[in-house]
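Novice: Dock chain to chain to rebuild the complex, using the hints, since each chain is given by itself in its own frame.
Those protein sequence lines, which keep their order, are chains D and V.
Going by this note's numbering, the first residue of the first sequence is number 53, and it counts up by one from there.
Going by this note's numbering, the first residue of the second sequence is number 105, and it counts up by one from there.
Please keep in mind that the hints were generated in silico from the structure rather than gathered at the bench.
All residues carry an ideal CB built from backbone N, CA and C; glycine is no exception.
Be careful, since some hints might not be right.
Far from chain D, by Cβ distances over 10 Å, these chain V residues were calculated [unchecked claim]: (1) P135; (2) N136; (3) T146; (4) V172; (5) E174; (6) H176; (7) E197; (8) G217; (9) R239.
Incomplete in silico selection of chain D near chain V, CB under 8 Å [said to hold, decoys possible]: (10) D153; (11) K156; (12) K199.
The calculated label-pair distances, taken between Cβ atoms and stated as ranges, are [said to hold, decoys possible]: (13) D/D206 to V/G217: 49 to 59 Å; (14) V/R215 to D/G315: 29 to 39 Å; (15) D/A102 to V/V216: 52 to 62 Å; (16) V/E155 to D/G200: 24 to 34 Å; (17) D/G315 to V/E171: 43 to 53 Å; (18) D/G396 to V/A195: 48 to 58 Å; (19) D/A125 to V/A195: 33 to 43 Å; (20) D/Y292 to V/Y240: 19 to 29 Å.
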Amino acid sequence: MLAISKVFSAVLVLGASLQAEAQDAADARVAALAREVADKGWIVYGARAADGAWDLFVSRPDGSGRRNITNTADFEEAAPRFSGDGTKLLYRRFAKGTIIDHDKWGFQGCLVIADADGEQPVVYGADREFPWACWSPDGKQLACLSKGGIEVVDLATREVVNTLQRKGMYQQLSWSPDGLWFCGVANHQGRSWTVVRMCAQTGAVNAVREYQNCTPDWFPDSKRIILSSRPAGQSGDDGYGYTQLWMVDGDGGNQQLVYGEDGCHIYGGALSPDGQYVLFTRGVVDGSGAEQDGAPVCIMRLGDAPSIGGASKDLRTVHRETKDGPVLVLEMGWEPHWTYADIGGE
Amino acid sequence: MRRIAWCGGMAFAAGMVLAGCSAAPDAGLDPNVTSKGSIEVTARLVDIPGEFIDRKDYDYAFVMEYEVLETHRGEVSGKTIYVGHYNPLKARESVADARVEDIGGNVRRFRVGAVHRIALEVPIDDHYMGGIVNRYFEQDTGPIYWALWTNRVVL
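Bound-form chain V, shown alone (with noise of 0.2 Å):
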């Protein structure tokens, strides 16, 4: 029995092994992330700060921090940017709504650690009225970006 359950276990690793190793890399591109707004970074997200806000009823911005990899468009202000995601409890490819119309993506849960191809603008307040959760207002985070289109990056 033990060494059928060690088979299992070799067996369950190998495979996500395999799967890791068979992840095809993948730049996040498509024609909106590469069009909209006026910077494009790719960026690995180091930090969500605290518990996302949920209740369905209540729109809002949230704020995370980005350790920008590379820029294909536009200027960022730094290695660090701070980026607002609307309403993050929700996939990116239904965020859109009346409020904010013209934002989508393919990225399905934000997770520190992932990166993220993002369409953005700056500042968020040009860009964005509702309702934003910043937990860095205490720090000097330089302009709050806006996401646009977040597509998932394999690197």
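Chain D on its own, in the form it takes in the complex (with noise of 0.2 Å):
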């Protein structure tokens, strides 16, 4: 009995040694991929601040260097991009309490442009004003998606010098770094939630990746898109399913899984500038934690794609080819975006 109880024991040991060394090497591979991007430029997104207030936090893409750039007294702010050059922010700021929807965001509040670092904020329409508001390439225009269409707006002048209609989109619009296309979340082909490219100069549209799908922003090559969707067939939560992350051609060609997690909803997935890099929330909340606190923000090689978080029973058995790559998990936030500039700060 004794021996038995011996080696009982000597297994316990040897499995939680097994499950440290485990751990270290996990955690070593995550400090080196967060030593890789400490010197690769900003992140920004939305958080909230001590006071509960959303408000703007950049930092490195390691996370060091964090520091809130609104921090307003009577408003909050979320949903920052910044401009293809980087020097300037454009974002979203609401009245002092506003429950910010997941999918009406684009359309409360006031659309604000500012420097990339949070200075000089331009308050640049009255509420609900510029909905959808996103960079031309050249950060000279805006395109903005209403119920009368796309809005292209000199950013200068505010007036609008084109309009396209919207074929079913009705939100988050999203323009290409070559200025040839828009995605977006559209009705199309009697499917909702369905992401679609539309040809800047024609207005024709195709399906890029139907049923379930919504957060679509382009890849620096704008040959690819990176989307959110909830796969049909899945079994968790009820049959509701889990929200991941996917990569899929702009014809809709080369659908690839990025990141997945069963437990867990990935949204606000964006690329590094240089595309080697993917930003996402990973909540285990669906919605993107908008309406609450937000999700970890979280980078990951896209060279480590398909990769697949946790146990993920369901999700492995779909995709059996995972790399599983290191992730880091940064601050709770919202709708992340990178820029390589230099916006000032240690």
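Specialist: Next comes the structure, spelled out in structure tokens:
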């Protein structure tokens, strides 16, 4: 009996030791990723400040140098986007106490244009004006999405210089870095929550990915789109499933998982300016946590895609070949974005 | 015991008949339904295609089929029209939100066979920007109407 007990204890000790070694190795890989990205520009995101209000924060991609760049007493700020050259920032400003809706934020509050470090903020329009505004590649125009269509606005004059039919698009508009395309979430061919690509010249639209997709954003090469997707057929959460991060060619080809984790919803996908790293949020509550406190901001190498986090038995059954690269987990936040420009600060 | 049950059943049935007879006709009129939008109809809801999506954190319009009984304002494309109702699981009196502010009515739930007086706009895309569940997409439905105000009607 004593012998059995000793063997059992030895197995436990060995198991604990192996687990500790595996954890050390994982920690080492994450630490290496943190060192790798530390000096690669800045990220910006909305997050709850100490007083509970949403403010904008910037930090190095490893989380260092974090600072609040809005910190207003009477307002809340969220949904920041750097201009292509990294000199400017657009975001939305809400009345204090506003509950930010994860699907309506694009027409909540006022559009603000500021320097990339948050200085010189200018309230660009009244409440609900310039909905779903996004930058043109050169930062001299904005594109906005409203019931009337996609309106291209000259930044300096605020005049609408072009209007396209929105062709069913209804939220999360994004303009490709080469200026040739828009993407967004649309009703398309009878299906809602389809991410579509629209030719900026002709207005022609094609489906990128159908069924339960949102928060699309462009790769730097303008050829691919990163998006959140909740594929059908998942058993988790009583059949509702979990939202994963995918990348797809603009014409709908090459649909590939980037990151997924059973039990978590992955939103806010964005690429580093060189396309080497992926920024996203990983929350246990669907909707990216906009109505609460956001979700942990995460970074992984694109070269590690597809990766699956946690046990994720169901997801691993569907995607058997995963690289399971390291994921750097930063502060709680929402809708992060990345620039390699020097925006100042330590 | 059986007699008591029989009497109770008869009383219940009689009550139901009386209740049905006592429901006063109601044309569904109010200042909103007679003024909002460019079209106003009284119509019977003839089809709800499948289940509504029961996720409180996602907004959508759900397209349903109506038979037009009377057109009060504007014009409709035919006897049968297809109407998108916003977040159909919500009572009309509390359905307005940040995305869709100017809608309402007194219909509490949608039932096939019910008659509604509805203020409408058309096409839906000119007046509503959000997800649309249109299970008639493969059919030739003509334009999809957008319901602004939906009141119940008792004929």
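Novice: Does each hint hold? Answer for all of them.
Specialist: Against the structure, the hints:
| no. | hint | in the structure |
| --- | --- | --- |
| 1 | P135 | holds, 25 Å |
| 2 | N136 | holds, 20 Å |
| 3 | T146 | holds, 27 Å |
| 4 | V172 | holds, 23 Å |
| 5 | E174 | holds, 29 Å |
| 6 | H176 | holds, 25 Å |
| 7 | E197 | holds, 20 Å |
| 8 | G217 | holds, 26 Å |
| 9 | R239 | violated, 8 Å |
| 10 | D153 | holds, 6 Å |
| 11 | K156 | holds, 5 Å |
| 12 | K199 | holds, 5 Å |
| 13 | D/D206 to V/G217: 49 to 59 Å | holds, 54 Å |
| 14 | V/R215 to D/G315: 29 to 39 Å | holds, 38 Å |
| 15 | D/A102 to V/V216: 52 to 62 Å | holds, 54 Å |
| 16 | V/E155 to D/G200: 24 to 34 Å | holds, 33 Å |
| 17 | D/G315 to V/E171: 43 to 53 Å | holds, 47 Å |
| 18 | D/G396 to V/A195: 48 to 58 Å | holds, 52 Å |
| 19 | D/A125 to V/A195: 33 to 43 Å | holds, 38 Å |
| 20 | D/Y292 to V/Y240: 19 to 29 Å | holds, 25 Å |
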